[in-house]
Every structure is written in structure tokens, then in C-alpha cells.
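Enquirer: Listed here are the chains, written in short residue letters.
There are 2 protein chains.
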Amino acid sequence: MIAPELLEKYGALKKSFDKNEIIFEEGNLPTHYYQIISGQVKMSNYNDDGREFIQGIFYKEQSFGEPPLFLNQKYPANAIAVDDSEVLLLPKNNFLKLLEENPAISLKIIENLAQRLYYKSVMAAEMSTQEPEHRVLKLIDHGIAYFNFKKDANGYHINFTRQQIGDLTGLRVETVIRTIKALEKKGLLKIINRKVYR
Amino acid sequence: MIAPELLEKYGALKKSFDKNEIIFEEGNLPTHYYQIISGQVKMSNYNDDGREFIQGIFYKEQSFGEPPLFLNQKYPANAIAVDDSEVLLLPKNNFLKLLEENPAISLKIIENLAQRLYYKSVMAAEMSTQEPEHRVLKLIDHGIAYFNFKKDANGYHINFTRQQIGDLTGLRVETVIRTIKALEKKGLLKIINRKVYR
DNA sequence: TTCATTTTATGACTTTAATCATAAAACAGC
DNA sequence: GCTGTTTTATGATTAAAGTCATAAAATGAA
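If you read the protein sequences in the order shown, they are chains A and B. Residues 1 to 198, numbered by UniProt numbering, are exactly what the first sequence covers, in order. Residues 1 to 198, numbered by UniProt numbering, are exactly what the second sequence covers, in order.
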């Protein structure tokens, strides 16, 4: 996260996106640095027959879509508002100037990219070799650490739909539903009127 | 890549690893920055029943294992020499000092992490939603751009074993062998005495 | 040059998640 | 409050990759 005041000093502008509105599209060249003020944004791909894979979900104070910005490459995925969201947009050149003039920010960017690479490494290993129960549990446990799940009397409330869990783990909804039930039976999580807790 | 002279100025030492020797292990805390002088290194995970997933393969002048270094987290995978290899090791604190005193290097690190994140994004989407032919082809095409495949009269020589392709895509050897044959039949690649070309 | 190991290969079969069909409950918009 | 959509749910069936067995070719080490 970069302080909003600093971003604004370099010319960042606030933009609002409605729920399900596209922020940028796969295949386009990056033009801005994006940082969320409020709401949530997902980055995802659609394969040939319309099946979705969610690369990640981002919340307030988080940035997204930087890698292609540094590489002059096309976006490998779409960014879509999951809820009504407000986002700060800083044009690429201003962003690079900001980095140059504020070396401490570079370390923040590095740490952020390192964190995301870490998540992708863990999930890639899970998704390639582990069975559904393992995959779902790993996603949930990662989510507790890095997504904004709230803890209450029942434990952490995993506020993802079964479909979202499927799209994040590469499983189908039905499989996720069955897997979650199996995990509950094993006592690894709780289902309280359809909500999942851990 | 950071210039070897600069690394040595900050106290980096050269270390040799035999083929199949472990450089560092999953679960350990990072102590050094690693940059390859010669040979090749893979980062990989083994799941509960011994199945391997290769996170990536790295060659001369490339660094590996940085993310946990920036996050003070444990390594999410093992680093193993694929061939006899020489690696420059720079202790963590010296590396951070180097970064601090050479701001231009930070941008290099950022670009490198961005590149790896880009690869992982593309492969994650493939691995979760696409059929084997698509997955193998994507890996090969990515490899042409970023691994050191050599081009000759037959095209790019994909010098991965079927097993390695399987470990990189989450498929079993037999499936890779059959998939490659199917891709050859479709004219998407060539097999010339067991070697794969594209 | 020989021998052990790795890599590629192929067929038969099995398992597991995907698919398909259907429906109830919950939620959101009007 | 009604209605359309989304989410959760369950059972039956299918397809596709995994598994198992076996072997030839290639490679590398002694």
C-alpha cells in the first residue's frame, strides 16, 4: 500500500466502479497503477469454454495489476469489481517517477510482489498434486492469513461462495460443496446455516 | 541479475553444488540471496505421497528464493541442483544493505519478481481449467520465451524430459507422453528420435 | 564394454472429479 | 410482497486422467 496522499501528490485520481464492472481486460497494455480505496476487486481468466479461474481477490489499501506495468506486457487476466468499489488510478509514468523519487516505496512493492508470489507458489503446488480436500483447506487457511475474514464466536467466517472457492482452486461448485461437507464431517471446519467457519 | 562483481563487493561467496544436491529446504528460514553462475537449479515441492511439483527451473545469471527473504517467511519449496552448479551466496543482511545503497537494483528485483508472477499467473490459469494438450503447449511456449531452449533446423529443441514437463504441469508422465504424441499428430510440434521440437 | 538406471513407450483398468439433471433455500430488485 | 436470480444441495452417470504392469531404447557410470 502506498499512502493515498502521496499518490494524489503525483496525480492519482479516484474512480468508481459498479459491481461487476470491468476495470481492465486481459490482452490490453497497462496504463495505470491501481490501488483500492473501498470495495473488492478480483483478477480472473476465462478459458475457451467460459470457465473462470480467479487469480486473486483484492481489498481496500491493496494494489493489483502491477506486474505487466513493470514488464510492458499485456495483462494476463481481467480485473473486475466484485462489489461497488473506489480505486485510485495513477498514470504509469507518474507512478515510475514516484518510485524513482521515493526509494523506500520500492521495497514496499518488492514485499508486496514477494507476498503474492509466495501465495501462488503454495497454491500451484496444491492445485497440481493434492486432492480437493487439501486444496480447499489450504485456500481457506491462506485466506485467514491474507484475505479479510472476520473472526467471531464460531471461528473465522470464510465469506467466499462455493463458486468462488471453486474458481480459486480449479474445482467445480458441486465438488466444492461435497468437499466442504466432507471437511465438516471430519471436524476440520463448521457449517452454520450454510456459512463456513474455521 | 545483479553484477557478480557488485555481489562480491558486498561479500558474496561462490559455492559449488553437485547434481541432485539440496541447496535449501522447504520449511527453513532464508539466510542468503542466491544467484547462479553456472548449471541449473529447480525449485520444487513434494506432496504427502512423494509426488513432485516443480515451481520453476533457473539458469545462469538468474536468482532464486528471494520472496521468503523479503518476508521473513519459511521457504515454500526446496532448491535442488539439476546439474553440477556454481552459485553465488550473499548473506541476507549484506544483500539488504546492497539494495539500500544501490536503488537501481531494486527496480531489477521488481522486474524479476514481476516476471515470475506473470509466469505463475499464466500457468495457474492453464493448470486449473485447461486440458493436458493446452497445458503442455503453454508450458513449452513459455519455455521458448524464458527458458534456455536452443533453436536449430528442426525448430526450438525443448530439452525437458517428459517427467519434468509432467512435474511442471501437474500431469503424470504417461499422460505427458500421450499428450505430446497427440500434439505431434496435430502438427503442433515435432518428435525427432524422441526429442521434442517446436 | 558391460551393466544399472533413466527415459520413453503402450495397453488394460480403475478412480475420481466433472457433468448433467433437478430442486430447495436465500437473496436482491422492483 | 412478489419475482427472478444466485447459491447451496443431492443423486446418477460419464469421461478423462491416473494407475499399474511391462518393456524397449537410451544414457551414463564403472
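Don't take every hint at face value.
Same chains, same label: a pair holds when it works inside one copy or across any pair of copies.
Said to hold, decoys possible - Listed below are the simulated DSS-like cross-link pairs for lysine-lysine, each with C-alpha atoms no more than 27 Å apart in a straight line:
| hint | residue 1 | residue 2 |
| --- | --- | --- |
| 1 | Lys150 | Lys74 |
| 2 | Lys108 | Lys92 |
| 3 | Lys9 | Lys108 |
| 4 | Lys92 | Lys186 |
| 5 | Lys74 | Lys151 |
| 6 | Lys190 | Lys97 |
| 7 | Lys97 | Lys9 |
| 8 | Lys190 | Lys92 |
| 9 | Lys74 | Lys138 |
| 10 | Lys195 | Lys92 |
| 11 | Lys138 | Lys190 |
| 12 | Lys9 | Lys151 |
| 13 | Lys108 | Lys97 |
| 14 | Lys185 | Lys97 |
| 15 | Lys190 | Lys9 |
Simulated from the structure, these hints should not be mistaken for lab results.
Enquirer: Look at each hint and say if it fits the structure.
Expert: Hints, verified against the model:
1. Only between protomers do lysine 150 and lysine 74 lie at most 27 Å apart by alpha-carbon distance; the minimum there is 25 Å, versus 35 Å within a single protomer.
2. With identical chains, the CA atoms of lysine 108 and lysine 92 are at most 27 Å apart both within one copy (17 Å) and between copies (17 Å).
3. With identical chains, the CA atoms of lysine 9 and lysine 108 are at most 27 Å apart both within one copy (18 Å) and between copies (25 Å).
4. In the homo-oligomer, the alpha carbons of lysine 92 and lysine 186 never lie at most 27 Å apart, since the shortest distance is 49 Å inside one protomer and 42 Å across protomers.
5. When the C-alpha separation of lysine 74 and lysine 151 is checked against a cutoff of 27 Å, the pair qualifies only between copies, where the shortest distance is 25 Å, while the shortest distance within a copy is 38 Å.
6. Proximity of lysine 190 to lysine 97 under the C-alpha cut-off of 27 Å is found in neither arrangement, the shortest distances being 49 Å within a copy and 47 Å between copies.
7. Proximity of lysine 97 and lysine 9 under a CA criterion of 27 Å is satisfied intra-copy only: 12 Å inside one chain copy versus 29 Å between copies.
8. Proximity of lysine 190 to lysine 92 under the C-alpha cut-off of 27 Å is found in neither arrangement, the shortest distances being 45 Å within a copy and 42 Å between copies.
9. For the identical chains of this complex, lysine 74 and lysine 138 are inter-copy neighbours only, at 16 Å across copies versus 30 Å inside a copy, given an alpha-carbon limit of 27 Å.
10. With identical chains, the CA atoms of lysine 195 and lysine 92 are never at most 27 Å apart, being 41 Å at best within one copy and 44 Å at best between copies.
11. Taking CA atoms no more than 27 Å apart as the test, lysine 138 paired with lysine 190 passes inside one copy only; the shortest distance there is 16 Å, against 39 Å between copies.
12. Neither within a single protomer nor between protomers do lysine 9 and lysine 151 lie at most 27 Å apart by alpha-carbon distance, with minima of 36 Å and 49 Å respectively.
13. For the homomeric pair lysine 108 and lysine 97, the shortest alpha-carbon distances inside one copy (15 Å) and between copies (16 Å) are both at most 27 Å.
14. Taking identical chains as interchangeable, the C-alpha atoms of lysine 185 and lysine 97 are never at most 27 Å apart, the minima being 54 Å within one chain and 51 Å between chains.
15. When the C-alpha separation of lysine 190 and lysine 9 is checked against a cutoff of 27 Å, the pair qualifies neither within a copy, at 47 Å, nor between copies, at 55 Å.
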